[in-house]
Amino acid sequence: MLDIKSLMVFYENALAVNNLNLDVRKGEIVGVFGSNSAGKTTLINTIAGLTLHLKWREQRKGGQRITIVGAQLFEDEDIGKLSPSERVKKGIVLCRERHPVFRDLAVEENLRLGGFLIKNQAKVKKSIDLVYSIFPPLTKLKTRKAGLCSGGEQEMIAIGMALVARPKLLLLDEPLLGLSPAMQAIVVQALKDIRKLEVTVLLTEQYARPIMPHIDRGFIIENGTLIMSGTQEELMDNPEVISAYFGM
Amino acid sequence: MLLESMLVFGLVNSAILMLMSFGFSLTFGLSGVANFAHGGIYLLAGYLAFFLLRTLGLPYLLAVIITVIVTALLGAAIYRLVVIRVRGIALNEVIATFAIGISILELFRWLGFITYEFSLPCIVDGRLTLFQTTLDYQRILIIVVAFLMAVFLWALTHKTRIGLALLGMAQNEYTALSVGIDSDWAATYSFALGGAFAAIAALMILPLGIININIGYEVLLIALAVTVLGGLESTKGLILGCIILGYAQVITSTLIAPHWKEAVYLAAILIVLAVKPSGLLGKFKELEERV
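These protein sequence lines map, in sequence, to chains A and B. Residue numbers for the first sequence follow our numbering, beginning at 4 and rising by one. Residue numbers for the second sequence follow our numbering, beginning at 1349 and rising by one.
Chain B with its partners taken away, still in its complex shape:
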């Protein structure tokens, strides 16, 4: 009984982590810029969807489309207006994007978005009982969407001309330039994709609870932990990192105490950085370290 629910909720938790970190990891993998505004974009998507659905009363699908488009444009704007000026200086990129993230989050706090009325609706209500574990449809949907996103990501990068170009740009910038791929175009695209992914994650995950400013910081921490754990520029590593962290969290919170689960990310980052700095599957970086 305990084992069964740990297995099921571990899977749900892994899927949640995966959705939360896809956008961050995608932008990083394709453009080499760690977008620390990820948490801000995620939360903004949540409040925007709330506004469109509850205040304007738009139909769900329309609200979703608008939210995704707006966050994609926001991602692109972050690159075009800010990051482009400091591209190539890693520390400045981090400071600039982190500042944008904090501005977004604290703007909402200042505007008074701190009450308990903010929540998003589930796509479908109801629950399902399998053996002895009860699972609501929203959590099942999260697993499905996380899986679909992984497939989408793979198809985008290997089957489409644009995706292939983005991968090429990530692997060898000057060769990509010399066959006519523009580096700012590629980076803008990857920031926009990262923003869109953050919105999809917010729309799927936020209905599970109340929208809270601190979620923004938590999402960023999770994305960072998963990316460090799995290894940079490796989608397989990302998925593996999510599964490891997802289960580790569920196990610690069931067997020790729920509040310990927050410590899992930090412990994971520390251990990985100490033992295998390139991450579990970060093979290329490791090669460079050896040379």
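With the rest of the complex left out, here is chain A:
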């Protein structure tokens, strides 16, 4: 479904993603693990088109020089030159790290914005109801300003927003970052519900333990370079992976 071939991303001369190959098949949940500054966010932002947007913006005003090389294929189609909104139309929707919500809008308005590109309002309404069924705590917060919600609730809103956009491929950037173990459990549970919706998921995380049992395959990157990849079992049997990403 998604094929990333020899992807390289430079910020000026600094290499953020180095010759990376990654593929996601339909229906899978794929994890990308790596420490802070390993290039996870750059990778996922590049797939969502945000890096390209930033590159255009910087180019126009003569700022930082960003270089993206390599192939990005989605359903056998080259998406490398598409803007973020065109990629959303194709079905690639990103939920960024640190639960970025529209803080001054109500929870329900946030979710409605997730369906911005869907013209059919009835469909948006249905998707919002679906989000409420995946994250029941949000039902009580409909009219509260998103900025006043807790971190965990904001993460639910952020994932909910991405779901309302009806993704084929959902990109989750560090969905568990900064959440309490109880909240992490809710998000992990939601991941199982999302799989039932036949949405393919590519997620990144620093700490692999809570999420590892739920992924099909994983990629481990360090300093922007892919150092290992494999199925869930292969990764969980590897002592190096266990010591580095399981905290054991």
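Rather than coming from a laboratory, the hints here were simulated on the basis of the structure. Just so it is clear, the structure is predicted and the values come from calculations on it, not from any experiment. Any given hint could be a false lead.
BS3-like cross-link-like pairs, simulated, lysine-lysine; straight-line CA separation at most 30 Å [to be verified]:
| # | chain 1 | residue 1 | chain 2 | residue 2 |
| --- | --- | --- | --- | --- |
| 1 | A | 93 | A | 128 |
| 2 | B | 1507 | B | 1584 |
| 3 | A | 195 | A | 92 |
| 4 | B | 1624 | B | 1609 |
| 5 | A | 128 | A | 58 |
| 6 | A | 126 | A | 145 |
| 7 | A | 171 | B | 1624 |
| 8 | A | 93 | A | 8 |
| 9 | A | 92 | B | 1507 |
| 10 | A | 129 | A | 148 |
| 11 | A | 143 | B | 1507 |
| 12 | A | 128 | A | 29 |
| 13 | A | 129 | B | 1624 |
| 14 | A | 126 | B | 1507 |
| 15 | B | 1507 | A | 93 |
| 16 | B | 1584 | A | 148 |
| 17 | B | 1507 | A | 148 |
| 18 | A | 58 | A | 92 |
| 19 | A | 129 | A | 171 |
| 20 | A | 171 | A | 199 |
| 21 | A | 148 | A | 126 |
| 22 | A | 143 | B | 1624 |
| 23 | B | 1624 | A | 148 |
| 24 | A | 129 | A | 195 |
| 25 | A | 199 | A | 29 |
| 26 | A | 148 | A | 84 |
| 27 | A | 29 | A | 64 |
| 28 | A | 148 | A | 92 |
| 29 | A | 145 | B | 1507 |
| 30 | A | 126 | A | 58 |
| 31 | B | 1507 | A | 122 |
| 32 | A | 171 | A | 145 |
| 33 | A | 29 | A | 171 |
| 34 | A | 8 | A | 199 |
| 35 | B | 1624 | B | 1584 |
| 36 | B | 1584 | A | 145 |
| 37 | B | 1507 | A | 128 |
| 38 | A | 126 | A | 8 |
| 39 | A | 126 | A | 143 |
| 40 | A | 93 | A | 64 |
With chain A fixed as given, assemble chain B onto it according to the hints.
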């Protein structure tokens, strides 16, 4: 008697300030770009309406619609052709838009639009006497339109899909991008809305006097003062700022001398920047200042 007329004319004055600054504040609030060409667009709308009404003799409503559409397109063009290239560099945005504003204003001066024949007609003539204060219909209409604009703005941003998207873009650009809202589309839209609002303000306010090039500079100054006073990105703050400045002006001009009222804007900008730089209701910015 004095108090009554101060109350009434303070309200009229507040409404005038509100209309003048809505466009500027809207564009700034939604796209983060201070459009210093606002005064130029305002004056251009005035001359365009004059041309359509007096020279071509079009019916009033048609002239209004054409003027609003043209200024909206002008706003959009300013973003698409100029601001887009310097987006994100605040100083360059200011210089670029200010240069456009001055070009428009001084072009009219150069073309000789400096005589006293330029004025727009009132929508309805006549006046109304309430208790001891006489007020013409145009000023009453200004209050009504200012109120309607505030309601329209609220409804646009909270009830429509596009308005909501513009608000979202203003609050969190990258999240908006990741749900498929295009940032250049949003900025173009907000510039066009700002232009349309400037035209509506010009059509309402200019009939009160003669169209004069310097009004363009004055409008920009007012918009800036009100936005600084009320706090950026806060519509409530904008309205509060207009009421404070509007009454302060009327009070100074009645109690001290009319020419002192011009000093009120500058004093307001200075005091606010010295005491509470985020403005009266600019809560978010203040939070960032604290961190």
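Taking the numbered hints from earlier one at a time, note which ones the structure violates and give those numbers from smallest to largest. 5, 7, 13, 22, 26, 27, 30, 38
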